[in-house]
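Let's have the full structure, built from the sequences with the hints guiding it.
Number of protein chains: 2
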Amino acid sequence: MGADGTSRFDPAIGRRLRGLREARGLSLSELARRAGVGKATVSGLEHGTRNPTLETMYAIAAALSVPMSALTLDPGAPAGAASPVRGAAVVSTLLEVFREPGATYEMFRLRILPGAEQTSPAHPPGVTEHLSVIRGTIRTGPAAAPLTAAAGEHLSWAADAPHVYAALGGDEAQAILLIRTPHSPPLRSPNV
Amino acid sequence: MGADGTSRFDPAIGRRLRGLREARGLSLSELARRAGVGKATVSGLEHGTRNPTLETMYAIAAALSVPMSALTLDPGAPAGAASPVRGAAVVSTLLEVFREPGATYEMFRLRILPGAEQTSPAHPPGVTEHLSVIRGTIRTGPAAAPLTAAAGEHLSWAADAPHVYAALGGDEAQAILLIRTPHSPPLRSPNV
DNA sequence: CCCGATCGTTCCGTTTACGGAACGATTTCA
DNA sequence: TGAAATCGTTCCGTAAACGGAACGATCGGG
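Those protein sequences? They're chains H and V, same order as listed.
Read the first sequence against the working numbering and you will find it ends at 192, with the numbers running on by one and no gaps.
Read the second sequence against the working numbering and you will find it ends at 192, with the numbers running on by one and no gaps.
Where hints are given, some of them may not hold.
Covered stretches of chain H, as calculated for chain V (at least 3 residues, CB under 8 Å) [to be verified]:
no. : segment
1   : 46 to 57
2   : 102 to 109
3   : 127 to 134
4   : 143 to 150
If you anchor each label on the Cβ, the simulated ranges turn out as follows [to be verified]:
no. : chain 1 : residue 1 : chain 2 : residue 2 : range
5   : V       : R33       : H       : A143      : 32 to 42 Å
6   : H       : S156      : V       : P182      : 17 to 27 Å
7   : H       : G36       : V       : G38       : 25 to 35 Å
8   : H       : H183      : V       : L94       : 20 to 30 Å
9   : H       : A23       : V       : L94       : 33 to 43 Å
10  : H       : G38       : V       : P121      : 28 to 38 Å
11  : H       : A150      : V       : G38       : 17 to 27 Å
12  : H       : G170      : V       : S29       : 43 to 53 Å
13  : V       : G170      : H       : P142      : 41 to 51 Å
14  : H       : K39       : V       : A40       : 24 to 34 Å
15  : V       : S43       : H       : P114      : 43 to 53 Å
16  : H       : P11       : V       : S43       : 21 to 31 Å
17  : H       : D160      : V       : A116      : 39 to 49 Å
18  : H       : T148      : V       : P11       : 41 to 51 Å
To give a feel for the contact side, a few chain H residues facing chain V, derived at Cβ under 7 Å [as the list claims (entries may be wrong)]:
no. : residue
19  : F9
20  : S65
21  : V66
22  : M68
23  : S69
24  : T72
25  : H154
26  : I176
None of these hints come from the bench; they were simulated from the model.
C-beta: ideal position from N, C-alpha, C; glycine also.
This is the structure we're talking about:
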């Protein structure tokens with residue numbers, strides 16, 4: 001909570017909330033009733049004077065029949081919200097992560113820049129990469145035996161050996177990459 | 001806060017947090033330091049025993065360099081209306097399937113044909129869909145509150161309520177879709 | 001081996017979020 | 001018109017989130 005009584009997070013959240021509420025023709029009081037939260041809470045969130053808990057946020061989002069991201073995130077932001085990580089030839093942006101008892105999945109969007117090649121070190125044993133090419137043509141996979149895939153094609157390889165990424169044809173390529181990391185080894189971020 | 005001391009929101013948030021943290025090779029203590037929050041808070045969130053405030057959530061997401069939505073999977077809209085209508089707006093190609101002890105992941109490439117909208121029935125409880133738009137603009141997600149995403153953007157929603165797919169703008173759209181189905185239900189193909 | 005550093009969990013005093021109630025303003029309806 | 005209902009803001013007692021400290025466990029290095 002800021003010294004002036006306002007919240008430290010983006011005040012746009014309160015504006016978005018109010019916009020959604022009014023679009024549904026709900027009064028503040030009615031929304032609070034439906035969400036099972038206090039009117040003071042809804043009022044405070046709309047005005048940026050309260051810092052609600054996660055439960056409260058979910059309750060409000062559910063009462064509005066919207067996903068949480070409708071309140072907490074700019075709709076157009078996903079691609080830009082995570083910080084892209086730039087390597088020699090690859091710019092990767094994390095889209096989502098899933099943790100299972102035995103493995104973690106990370107989903108990235110990749111931009112592979114022309115004119116350069118990137119070699120990634122071996123991931124720990126058992127890590128696999130699964131790449132679906134969106135645009136352009138990519139040479140990728142195990143450094144010892146790279147594969148080539150064009151837009152619309154899909155590749156998988158074991159990433160526990162050095163592997164490469166390069167865009168062919170002089171144009172930037174793009175892909176969706178899913179990294180599956182079995183548990184046991186310490187997890188590390190992309191090393192794409 | 002539930003009577004048994006656990007939180008009422010989706011415990012997957014804590015799992016996702018832990019997965020991301022470990023993927024970054026961060027200890028709980030280090031993440032807490034970077035986020036400027038207490039270790040007890042991070043520990044409590046990972047174990048579902050605390051209900052953090054929005055500020056705290058943002059601080060943690062920022063420390064992980066991920067958007068908030070990477071942590072807060074959209075709960076989706078309440079079950080909306082009627083019986084799903086299966087149309088012919090979507091052509092889906094299964095790319096890969098990953099089976100984990102607790103869940104199965106199916107990765108598809110979708111072509112969404114213009115001029116039609118397809119509504120999918122609710123999947124069993126807990127099923128989620130995660131879609132990254134490759135080309136065009138798509139309206140998709142919970143039928144009660146559909147979202148729009150253009151090429152380069154990423155969306156997620158709970159698929160245990162009816163959900164829709166439509167290409168906007170008169171052109172075919174394309175996307176990569178990841179469906180996560182927690183175990184118990186038998187596997188089924190897309191119901192897209 | 002011992003010691004220091006770090007870990008994640010728990011403790012606990014402090015701060016703050018919670019929602020019911022109070023309140024003045026506004027709206028609705030007979 | 002007047003009464004009742006509802007509104008959104010504020011108040012305030014209660015519960016819970018906060019983070020620093022304590023603690024036992026683990027790890028790494030001399």
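The hints, checked one at a time:
no.	hint	result
1	46 to 57	holds (count 6)
2	102 to 109	holds (count 7)
3	127 to 134	holds (count 3)
4	143 to 150	violated (count 0)
5	V/R33 - H/A143: 32 to 42 Å	holds, 36 Å
6	H/S156 - V/P182: 17 to 27 Å	holds, 23 Å
7	H/G36 - V/G38: 25 to 35 Å	holds, 28 Å
8	H/H183 - V/L94: 20 to 30 Å	holds, 26 Å
9	H/A23 - V/L94: 33 to 43 Å	holds, 38 Å
10	H/G38 - V/P121: 28 to 38 Å	holds, 37 Å
11	H/A150 - V/G38: 17 to 27 Å	violated, 50 Å
12	H/G170 - V/S29: 43 to 53 Å	holds, 47 Å
13	V/G170 - H/P142: 41 to 51 Å	holds, 42 Å
14	H/K39 - V/A40: 24 to 34 Å	holds, 31 Å
15	V/S43 - H/P114: 43 to 53 Å	holds, 45 Å
16	H/P11 - V/S43: 21 to 31 Å	holds, 30 Å
17	H/D160 - V/A116: 39 to 49 Å	holds, 44 Å
18	H/T148 - V/P11: 41 to 51 Å	holds, 42 Å
19	F9	holds, 5 Å
20	S65	holds, 4 Å
21	V66	holds, 5 Å
22	M68	holds, 5 Å
23	S69	holds, 5 Å
24	T72	holds, 5 Å
25	H154	holds, 5 Å
26	I176	holds, 5 Å
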